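Quick one: dock chain against chain with the hints and give me the complex.
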Amino acid sequence: MRTTDGNAMKRFFPMVLFLLLVAAFLMAVAVGSHPIPLKAVTSILLHPGAGEWPHSWVQILWKLRLPRALAAMMVGGVLAVGGGTCQGLFRNPLAEPYLLGISSGASLGAALAIVFLPFGAFAGLSVIGLAAFLGSLVVTVTVFSAAGRGAFRLPATLLLAGIAVAFLCQSGVWLIMALNRDQVERITFWTLGSLSSVGWSGVMWLALITAPVVLAQMALGRVLDVMSTGHDGAHGLGLDPSRMALILLTLTALGTAAAVSVAGTIGFIGLMVPHFLRWVIGPAHQRLLLSSWLGGGILLLLADAIARTVTAPGEIPVGVVTALMGAPFLLVMARGKQQSGRLDG
Amino acid sequence: MRRFRFLFLVFALVLGWTGSLAASGQADAVSSSSSHKKSSKSLVVRDFHGREIQLDEPAQRVVALSPVITETVFALEQGNSLVGKTEYCDYPPEAQGITTIGSLREPDIEAIAALEPDLVVASAHFSEEHLRQLEALGITVAVLMAPDSLRGGQEAVIRPLATLLGAEDKAKDLILQLNQQIDAELEKVKSFQFQPRVYYVVGFGDGGDWTAGGDTFIGEMIELAGGENIAQDTEGWSFSLEALVARDPDVIFIPSWADGVFQNSPVYSDLRAVQSGNVFVVDENTIVRQGPRIGEGLASLVSIVAQMQ
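Residue numbers (my numbering), protein chains in the order written: chain A, 1 to 345; chain B, 1 to 309.
It cannot be assumed that every hint is accurate.
[Claimed, not checked] Covered, in the sense of this in silico footprint (three residues per stretch, anywhere, with C-beta under 8 Å from a C-beta of chain B), are these stretches of chain A:
(1) 29-36
(2) 165-171
(3) 185-195
(4) 305-313
Hints in this document: simulated from the structure, not taken from any laboratory. This one's a predicted model, so the numbers in the text were calculated from it and none came from an experiment. Glycine residues also receive a C-beta, built at the ideal position from the N, C-alpha and C atoms.
Chain B with its partners taken away, still in its complex shape (with noise of 0.2 Å):
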């Protein structure tokens, strides 16, 4: 039913996008053509769900759905053209201060109006009801979401971003030097003559214990910055305390909530890599996001890898 709706809204959209074509006749026909020098160039970019994006000048007012788009525009220095946010979005720090619009899976649909964005970009866990609803206020939504891969993120979020932002000059530089780093740091670990084993730490203790599987993207950076996961042979992300007794890793990752706690619960603390003091914290937020701050993400890792060797 829902998928019926949807094909509906497409098609509704799409005659609707044709007859205006055909009623506006020369006029938008020239403005759509990119290299034209006459009128404002448009911004047009393809988003996550091969929606084409359009505008007719940068985004002034954008409401950002998703840490990783918070991030990306203040990486991209357009930081004032932000109006809204997430409760999530909490890097850099400038982004405080913006009014915030709800989670990340409920944002305020209400809230988003008030601002009068001319802008919203959402990423993942994003719902097509939310979607729909905003597109029914006439509101243009871009969805620009990172395929699980190192620099994924530079052409399906920095990148596109960047031209609705009118930003593009900017990107091209932040890519740069996104590559700049991430070559920097792979080359360190082509030097590393030790692989050590590597355990992340996702959940512990009560709720039983999770980790980074490896068909998982943090699997795969634990492998990139030189380390083994030693759950690579597991799927998802569900792992148990017997198992990871047994595989004892030399290093563990822990987020920063666990600190200290994991280190003095019973049975984790006998573990070797906590009795030899290998437990660090990683900033998940810098590698799972897979914004600007993913080469910060690996640097963070293959640093901790370099210090095992």
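Only chain A is shown next, with the shape it has when bound in the complex (with noise of 0.2 Å):
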């Protein structure tokens, strides 16, 4: 894979995991607890008002598969891609999207909203969604100001303000938890991450954040590269790298607190994919940030499939799929790399 082939392979691989999501995505929409025949699925997708099929049919495609399937596919996307971030800006193969508390922020968030005020929605987003979000901002902003902006020069501190306010917040999740035993259920499978309720208002919210997230994560792929090789190089270029840092991270918290406010908080893709593909695809971030997002859809587009079929007619949390798949995937990778020689990809 390292060899001059290689590069050729590199190049077409962004191309190779696209039609990869196609397949996924098609698959996705085809699937289900319920069995709809493939004829009618293509029929149905294509022509909805032909009113051949019956109308069930319909409303699952239209109204639960395909909204889902595009939430899942940018859910997976975003998380990857802000993982990737993570990992070259903080030169760290364990860096994640949620390292900076923002699972926890979101996850207290959540719960409060569970607790006080469990229904209704704004703007088509589930309060409880809306305060899951507000949560990760507020977590993201507390720690950049507690750790201060020389933490920006000093990623150590950054992280370490990441796992107080952490703590804070799952402590505050674990005080609600205890004085509303009755509520522990919603707020454990919150945790757990699903997207069994999306509609459109969903997916339409994550393509408004997410998609000029991405885009702009990419853009400074070339910054990253040189963030990610010491601030020295990034100095010597005439970039601020305090300044990168936070547009980056900033960056990461709002497409990750999207995500976050339409699936609950679902583990491993952010981690998992964007290490496995700087390990196939080496660290050039433009490359990788995109493969990033394309994979990390591939995953959560596949992982969502299981979780609504595996026990059907039930489904289980999407977020115990991610991380039963990705688990081993990740102990075996990290074997081959201690053979190897070298962990930090």
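Laid out in structure tokens, this is it:
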């Protein structure tokens, strides 16, 4: 994989991923707890108003599977891009988008909403989702200001501040759970992540936030290349590394917050996908982030399809599937790296 | 480890019991034979764990650690003897004035001890640790839990509780009434021509879709009331919106907190049952508590199915 042929392969890799994404998307729309023949699926998607198939099938495809698949693709994509950004920025293979306390901030927001304002929606998004979104952003700002401006020169400070705030939020969640035992299940299942209630408004919300975020992160891919070699290099090129780090992390936080507000804290994708792709196609960030978006989308589409079908007509939380798929994979990879003697990709 | 401790406890209890028998000799042996008329007849029941619970006289200060126990104590007209209850014990309204000793899963042992009860009655969700703690304080604890069946609560909860409260005559009446009510409802069901397809909402929306599967007691109640549970083929509580849309039930049962929200949520609002106004609020507590109101719970389901005829 690291020979000269490899370069051509690396260049075409995003193309391959794109085709896989299309395949995964079609598969996600075609399968579900209720069997709908492939012929009907294509016909309903191409001519939704034709009326030759049962009304419930049209409902299932247009109101449930299609928005859900689009959401899975965008959530998986933005999480993986966020992970790729963090891993490059912190020069650490363990970095992931939930690093700065974002997931625990989201959980705290969601838990508060579940207990105090369990119903209601605003602009088509549930109050719980909005609270999770605000929770992640509040936590990010807190971490940034707690660590101080100097922190962007020394990532360890930022990571420590993130861990501290994460613990703070987590204890808040546990307190809420202890005081509201009847809501423990809802809070737990929210944390495990699910795409079961995503509708078109959720899809619009995701597209509105994650599309510009992901594009901006890819556009900053070159900057990330320089930053990941160390701050001296960045200074040498006239970049202000603190400012760049702030911008990149803010983008990551925004994208992750949007993902979490719609799907809960789905784990492993942001860690695993960029980690694996860095190993396959190398550290050039523009290509890496593009591939991560595609790869994250593929993975979450597959994981959600499994979550929807394996216990049909019931569902299992998609976060369980991503972790089950991800953990062995990471173990195998870590072993391979140990043999090749390099751990930083 | 925990199991060993429990076994040790049982062993110690048995030793202690046989020891005290030997020491007190005849007097004890006399009072424990229930047919004897001279001494005050001791009250003995076997609880859910097979433990023998014995009182010398009807309990005067009772703490109920479950809503079903509170409801049953009142149904037996022994509400005056209730000195403590959990925060979930919301029925009957008279129960509201009674001291709360914590939640169903986390009863406050200190608060219970402070009430100086002569009997604590627990039911589902009561942990072994709490049982041990209370017994270590010398408090008599009975765990009374109904098996999942329509009439299961009668012998598992109502009758033994009545014995411990000295209200056996009232229990006889109560069980008789309950059986008459249940029989009358089941009789109505026999005359139904149409078996509507039912969906029972346990949860919906953000947290996923949850219903009562075929192996649950609620699922059984739906079938007994003449409905066909559309989640009959599932086990447990997990369901999906897709399956709900595909199976498009005739009638939907919802808990009161979901009323209005469910009918107005996207996708759910397009369901046939919602469109035709066949969404009914069901008081889940009358069903799942399996107490003296179970006949009422069955009747509420049957009356909805009757409307669908």
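Taking the hints in turn, this is what the structure says about them:
Evaluation of the coverage hint for the segment 29-36 of chain A: fulfilled, as 3 residues show C-beta separations to chain B shorter than 8 Å, against a requirement of three. With a cut-off of 8 Å between beta carbons, the segment 165-171 of chain A has 0 residues touching chain B; three or more are needed, and the interface restraint is violated. Three residues within the 8 Å Cβ limit are the bar, and the segment 185-195 of chain A against chain B gives 5, so the coverage statement holds. Coverage of the segment 305-313 of chain A by chain B holds [criterion: at least 3 residues with CB-CB distance below 8 Å; count 4].
Comparing the model with each numbered hint stated earlier shows that hint 2 is the single one that does not hold.
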